[in-house]
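*Asks:* Each chain, written out:
2 protein chains.
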Amino acid sequence: MAPSVREAMEPYWTEHFMLPGQTHPGASAVAEAVEQAREQVAKMVGCEGFEIVFTSGGTEANNLAVLGLAKRYGGGHIVVSALEHESVWQAVESLSPRTWRIDVAAVDSQGRVDPKTLESLLREETRMVCVQLASPVLGARQPIREIADLCHSHGIPLHCDATQAFGKIPVDIRTLRADTLALSAHKMYGPKGCGALYVRRGFSLAPVLYGESREMGLRPGSENVPAWVGFGAAAKLVDRCVTDAMARMHELRDRLQDRLLSQISPAPRVLCQRADSLPNTLVMELEREICRIARRARGVVFSMPRSLLPADEGTRSLRALGIGEAELRRCCSFSLGWTTSQEQIDTAADLFAEAYDHG
Amino acid sequence: MAPSVREAMEPYWTEHFMLPGQTHPGASAVAEAVEQAREQVAKMVGCEGFEIVFTSGGTEANNLAVLGLAKRYGGGHIVVSALEHESVWQAVESLSPRTWRIDVAAVDSQGRVDPKTLESLLREETRMVCVQLASPVLGARQPIREIADLCHSHGIPLHCDATQAFGKIPVDIRTLRADTLALSAHKMYGPKGCGALYVRRGFSLAPVLYGESREMGLRPGSENVPAWVGFGAAAKLVDRCVTDAMARMHELRDRLQDRLLSQISPAPRVLCQRADSLPNTLVMELEREICRIARRARGVVFSMPRSLLPADEGTRSLRALGIGEAELRRCCSFSLGWTTSQEQIDTAADLFAEAYDHG
Numbered sequence: 006m007a008p009s010v011r012e013a014m015e016p017y018w019t020e021h022f023m024l025p026g027q028t029h030p031g032a033s034a035v036a037e038a039v040e041q042a043r044e045q046v047a048k049m050v051g052c053e054g055f056e057i058v059f060t061s062g063g064t065e066a067n068n069l070a071v072l073g074l075a076k077r078y079g080g081g082h083i084v085v086s087a088l089e090h091e092s093v094w095q096a097v098e099s100l101s102p103r104t105w106r107i108d109v110a111a112v113d114s115q116g117r118v119d120p121k122t123l124e125s126l127l128r129e130e131t132r133m134v135c136v137q138l139a140s141p142v143l144g145a146r147q148p149i150r151e152i153a154d155l156c157h158s159h160g161i162p163l164h165c166d167a168t169q170a171f172g173k174i175p176v177d178i179r180t181l182r183a184d185t186l187a188l189s190a191h192k193m194y195g196p197k198g199c200g201a202l203y204v205r206r207g208f209s210l211a212p213v214l215y216g217e218s219r220e221m222g223l224r225p226g227s228e229n230v231p232a233w234v235g236f237g238a239a240a241k242l243v244d245r246c247v248t249d250a251m252a253r254m255h256e257l258r259d260r261l262q263d264r265l266l267s268q269i270s271p272a273p274r275v276l277c278q279r280a281d282s283l284p285n286t287l288v289m290e291l292e293r294e295i296c297r298i299a300r301r302a303r304g305v306v307f308s309m310p311r312s313l314l315p316a317d318e319g320t321r322s323l324r325a326l327g328i329g330e331a332e333l334r335r336c337c338s339f340s341l342g343w344t345t346s347q348e349q350i351d352t353a354a355d356l357f358a359e360a361y362d363h364g
Numbered sequence: 006m007a008p009s010v011r012e013a014m015e016p017y018w019t020e021h022f023m024l025p026g027q028t029h030p031g032a033s034a035v036a037e038a039v040e041q042a043r044e045q046v047a048k049m050v051g052c053e054g055f056e057i058v059f060t061s062g063g064t065e066a067n068n069l070a071v072l073g074l075a076k077r078y079g080g081g082h083i084v085v086s087a088l089e090h091e092s093v094w095q096a097v098e099s100l101s102p103r104t105w106r107i108d109v110a111a112v113d114s115q116g117r118v119d120p121k122t123l124e125s126l127l128r129e130e131t132r133m134v135c136v137q138l139a140s141p142v143l144g145a146r147q148p149i150r151e152i153a154d155l156c157h158s159h160g161i162p163l164h165c166d167a168t169q170a171f172g173k174i175p176v177d178i179r180t181l182r183a184d185t186l187a188l189s190a191h192k193m194y195g196p197k198g199c200g201a202l203y204v205r206r207g208f209s210l211a212p213v214l215y216g217e218s219r220e221m222g223l224r225p226g227s228e229n230v231p232a233w234v235g236f237g238a239a240a241k242l243v244d245r246c247v248t249d250a251m252a253r254m255h256e257l258r259d260r261l262q263d264r265l266l267s268q269i270s271p272a273p274r275v276l277c278q279r280a281d282s283l284p285n286t287l288v289m290e291l292e293r294e295i296c297r298i299a300r301r302a303r304g305v306v307f308s309m310p311r312s313l314l315p316a317d318e319g320t321r322s323l324r325a326l327g328i329g330e331a332e333l334r335r336c337c338s339f340s341l342g343w344t345t346s347q348e349q350i351d352t353a354a355d356l357f358a359e360a361y362d363h364g
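From first to last, the protein sequence lines are chains A and B.
Here the first sequence is numbered in our numbering, starting from 6 and rising by one per residue.
Here the second sequence is numbered in our numbering, starting from 6 and rising by one per residue.
So that you can see chain A by itself, here it is in the shape it has in the complex (with noise of 0.2 Å):
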């Protein structure tokens, strides 16, 4: 978490403790606080304030626009990318198959969702899209612009999950025209326990949890104040500093790279490395099983698919590169942060490469 964000909490958990919708003169202040940090996250994702809805993380927030959707209709068809977070995946899967029928859109050898594959599975009865912005395993970002058009050109809605993205690349939805987009402030220097949906306006969506009638009817419950504002933040930070984390966590991920090529042998195979991939995910498949180099390496955090079966998002976003069960196994993702150093890298990539030698 962002030393400003703390920051900007620190005043709501004793001074301010007051709920925005108490009648005392002490929650004008608290009302006004949270207002702000919905105004502060809606100008981050290009939107209006009241297009904002908060949510207890980016899980809550994809559950709310797959099943508030779903909940519209009694059933119908849903296309999802086989690249989506478990918890759109399993949002889509708990829908009853007596009454809804799902369609998993492949991707390419580079983890690219073809707009036009995608097109060909949209039916009548379609009710929902979803495709994720970017993926944190394998760093691929989808064309989500193109794809909403045409979602809408068959008037379809598109539930997009940006929650890897925020932070990482700049975003705005007037330029993907998503009608649903899920945010996760923890995954963007904010703090845990809190999300956002955008859900566009006029857009109608049911509530998936129920109680006193808050977050313009589609979230109850009271409200996280300290971590709305905390999420509030985290948006002004992003939306200052964006550009400039994108550049150095490009050079330090290209960095990474090269080093691991030219240290380990043989060199490592680069999956999915497109330009316009995310700026700090690097993924590889090796020549040996990453099990083994992950007890070594202990020292640096990075990602392998770790269940098989049964199969997690690592483990599926891969198969769907058509990677088998055995390489599967030789997989790895690396995933860099804003505060990541040219030592660190340069140190995890020694420690990784010495592992492997020993692995």
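To be clear, the hints were calculated from the coordinates, so they are not data collected in a lab.
Please read these numbers as outputs of a predicted model, since none were measured by experiment.
Some hints could be false.
Stated by the list, open to error - Which bits of chain A does chain B cover? Going by a derived footprint, with three or more residues having C-beta under 8 Å, they are:
1. 21-30
2. 62-69
3. 88-96
4. 189-197
5. 216-226
We put the beta carbon where it would ideally sit given N, CA and C, even for glycine.
Place chain B on chain A using the hints.
*Replies:* Here is chain B on its own, set in the frame of chain A:
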């Protein structure tokens, strides 16, 4: 939020930023902190750690209990008390009227659910009974143990919303014997955006939100580590202080009552005054409309029925006592906390009495 809670949360914002499930060694410390917090909450509740499911608040906990149980059945019959919080009430109301029938258990003039009356509502197809432990509006406490025993004698599970009771009275699930019990951290000096559901060992619920499997498979999403650690610290505090705090709040509540009765003429009618009521709640019916007093006594925080249509929890609770529409506008409820001082009580009584005279 209590200072010790804030202090306990501190290291988990930046220093220990990892998530419990990550493979890095730094994640183990975080996993341990989360499990310690779970044990602290469990100790307060009187249960085992694995019976505690962390949520984003009391609202989500109530939704998980009601909707998570309803999902196990295609339909049936549910009994709820007339005093339930919106998150129980609306969750029950959200169930399809084609397959679910709802009965409301009335309360007596003291706001108490009579177990015998409740029993008369139970049917062969009753799937669930929901009765809160204590009402934040009336202070009335329900005979949960008696209700649990009679529900169980019919093979029906009991959900108890106990969000308003922790920190005010000692609560022990071994005495209460409800099957699920909802908690809210910010109602007991813990952080906002955090709650829990006690789920009795072996009791089966379906999740309401979907994603990566967390919290015994009942609640997905990245762990809100700082909040959960804070909830644990608050539970420790409540465990140690609730008996003393209860005695003190009782004394101050009685003082407020005495003062208001002597300073306001004609003397207000005190509602739901029983020896076992919440020690921090005072509810009164006055001879004047409360909204006019509220406008003048803005330094005193008290609650009044805000919405007559649709009825909110306050309105429903007062109506359940048999209070008519005109009297409803003359009722208000005062709540005290651990930090309420005798001086504040005296000032509040003076301000309120003065506002009453001018109201």
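*Asks:* It remains to establish, for every hint, whether it holds in the given structure.
*Replies:* Taking the hints in turn, this is what the structure says about them:
1. 21-30: holds (count 5)
2. 62-69: That given contact holds, which follows from 6 residues of the segment 62-69 of chain A lying within Cβ reach (below 8 Å) of chain B.
3. 88-96: holds (count 5)
4. 189-197: That given contact holds, which follows from 4 residues of the segment 189-197 of chain A lying within Cβ reach (below 8 Å) of chain B.
5. 216-226: holds (count 4)
Violation of the numbered hints given earlier is absent; every hint is satisfied by the structure.
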